[in-house]
Amino acid sequence: MPPANPRNLRTVRDITRRDILFSVARVPNTSRLIVASNDNKVYEVDAGQANATPRQLADHGRYVNAVRLAGNTVISGGYDNRLIWWDLANNREIRSIDNAHSRQIRQLAVSPDGTKLASVADDMKCKLWNIATGERIRELSGHEERTPTGFGSMLYCCAFSNDGTKLATGDRVGHVVIWEVATGRQLSSVEVPSLYTWDGVQRIRSIGGVRSLAFSPDGTQLAVGGVGQIGNVDGIGGPSRVEIHDWNRRQRVHEFQGQQQGIVNRLIWSADWLCGVGGGNNGFIFFHNPANRTIIHQMNLPMHTHDSIFSEDFTTLYHVGHQRIVVQEMHG
Amino acid sequence: MAQKPLCGSPDHAVSRRGFLTSLAAMAGTAAFADMTAVQVLGSPEVAADLRRQQKRVIMLWLAGGASQLETFDPKPGVVTGGPFQSIQTSSVGVHISELMPRMAARFKDTCIIRSLNTRNADHGSAARIMMRGRMGEPSVDYPDLGAVLAREMGREDSQVPDYVSFYTATEGRGMAPGHAGFLGARYGSMDLTTSMVPENIRRGGISDQDHRERAGLRDQLSSNFERGRSSSSLDSHHQAYGRVQGIMANESLFDIEREPQRVRDRYGSTLFGRQCLAARRLSEAGVPFVRVGRAWWDTHAQNFESHQEMVPELDHVMATLLDDLEDRGLLQNTLIITLAEFGRTPNINPTVGRDHFASAWSTTLSGCGIRGGTVYGRSDELGQRVADGEIGAARLFATIYRALSINHHRNYYLGARPIPLTDPGTEPVREVLA
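First to last, the protein sequences are chains A and B.
Mapping of the first sequence onto my numbering: residues 514 to 845, in sequence order.
Mapping of the second sequence onto my numbering: residues 1399 to 1832, in sequence order.
Treat the hints with care, as some may be off.
To spell it out: a stretch of chain A is covered by chain B in this simulated footprint if at least three of its residues, at any positions, have a beta carbon under 8 Å from a beta carbon of chain B; those stretches are [said to hold, decoys possible]:
| id | region |
| --- | --- |
| 1 | 516–527 |
| 2 | 714–725 |
| 3 | 790–799 |
Think of the hints as simulated: they come from the structure by calculation, not from any bench.
Nothing here was measured: the structure is a model prediction, and the numbers come from that model.
Yeah, the Cβ is synthetic: ideal placement off N, Cα and C, and Gly gets one too.
Sequences and hints are given; from them, build the entire structure.
In structure tokens form, the structure reads like this:
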């Protein structure tokens, strides 16, 4: 298999849908995707076919914000505050945890060894779960429930480090906490206020927040993504923005903004590059070289993109978002 | 002392009304410092008398267009419905958004109208329609609701303003300023934008000497303006100035710090909460019409997160206001209106936003003259069209007038031309009225 080369990125399939897809997981070594939909359901879709019939999995009854896969188990969460474990092979529910959180679940992450699930929600809690048993391992509290101006905050995202020992969580006002997974201890915190716009003059409301997180392969740095300061909070016409922090020293080591406007909804950090995807009115993808701090390649995507996932060899990339699934390849 | 126009509207930049309003806003005097209307209301006899004689309106102006789907007309489970659920209100069978639990619990005084079709989804012109209850026409400068109610419900001998408008956000402020139209400046709004207290009546404000000098300046400017002109509107300007001059004396009227801490805590610390508390104080003191502008709901992107941020504030403050008015025995004589220039599209756009939408949206009326705990009208399953009970701005205004015991067929006269309060043939929605 040739190595992946972002400069050769091209779209090979564009699948139209009627719904909005907020999250994606992938069955290993296949083009079968598990997607979370605003029609309240989780589906399995073969993105290798243009007209494949989706198979319905879990039904949350409300928007599904997040889906992840651990072995043969699909785990999903959304506005119903519920976590659902689903047996993909037998297409049946394994367990459902009602009120897993007291507010809507925003995102899930699976530890690299596949044993732990992290969930974050607007109750401003991060919870760690034993994937095999569904038991809650611990609850992590380190984010304020209220913004500085007295409105309810939101806890958007979480990510494990590659060695599984650390977990990062990021909220609406730009507060990021780095946790020790084994103990639940706070190791550090990082402030990224540039990703939160509070307009106290023109419109008296806010927009933004930390929407994506990714540890560097060695775990020493943390990429934090979202949208930079916005002049008009009616839209998301601010610069797509990423900050890279040495989280242990609490130092920002680099920052960059994409050419496109919008929110960086997903960050993926490989050995060679940091990939960001997201969207404003349209979608975008960029590849950044952290070593020399340059953009390797960037391009528009045909829809606001909420989540993306690579194949094992990084040559194929699957995007989900507003009424579309897009497949891209970047062979060397 | 020079002062820039506060709202940036072209009207303020060029009109004599705006010019004098700005001058009036700078004025201050201690001549009426003994006005203690708020305190007098502590007397049950006086409160009872006011209940008999006076009705009042507080309008919560949700500028920019709040989403009916995330407030008063939820559609959970359909493709346009969004992520939020509906919850049962205190009226069996009536559901509102889960973002409004407090209003759901005290729904007994509120009627939701879910069938507004106002046919205009442009901020500025739609705002003027919804503030005036009708389309404009070139030959008639129609007054807005606040000015009409100032005229109809204000008292000649009153030393409180007849029309106060809070609007602090800069976005949209110039799109629907208080507008007295042909009624004249006497019924114009006192616009509070940068402060909750009119400029220069706060503690440490101007001295009597300052005031006399300003009055002299105003007289000089006015006499220059009036030279060679003859218009009844000039008298109206003089009356307005005289009233404002008196009103400015009453610092306590606008000072929410005079409320007990527990009352301030009830309303909360947000600007909207504090302004609604001020509105209650003004209303209690006899101000017929107070508008509290809460901007800016124009959520073209991230609609659900913005409503998750803003609707709980609306829910808390609105419910608190209704509770507070009820506790004081004033709710039966105070009409609370939530209104905007339009609602938001059922369709969800690529940035997870909702856009402008005037074809099927909602308003609420609570308190005075209203059959509470009810819903009038219905939008269709997806919220795209009105399915039942369609009304426009004119019928809404006729309903508001009727709830306040004002004859909406009454005519004003522009010369010999009769101008009815609402367009001919317009009738109130009887089902909404108590």
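Verification of the supplied hints:
no. : hint    : in the structure
1   : 516–527 : violated (count 0)
2   : 714–725 : holds (count 7)
3   : 790–799 : holds (count 4)
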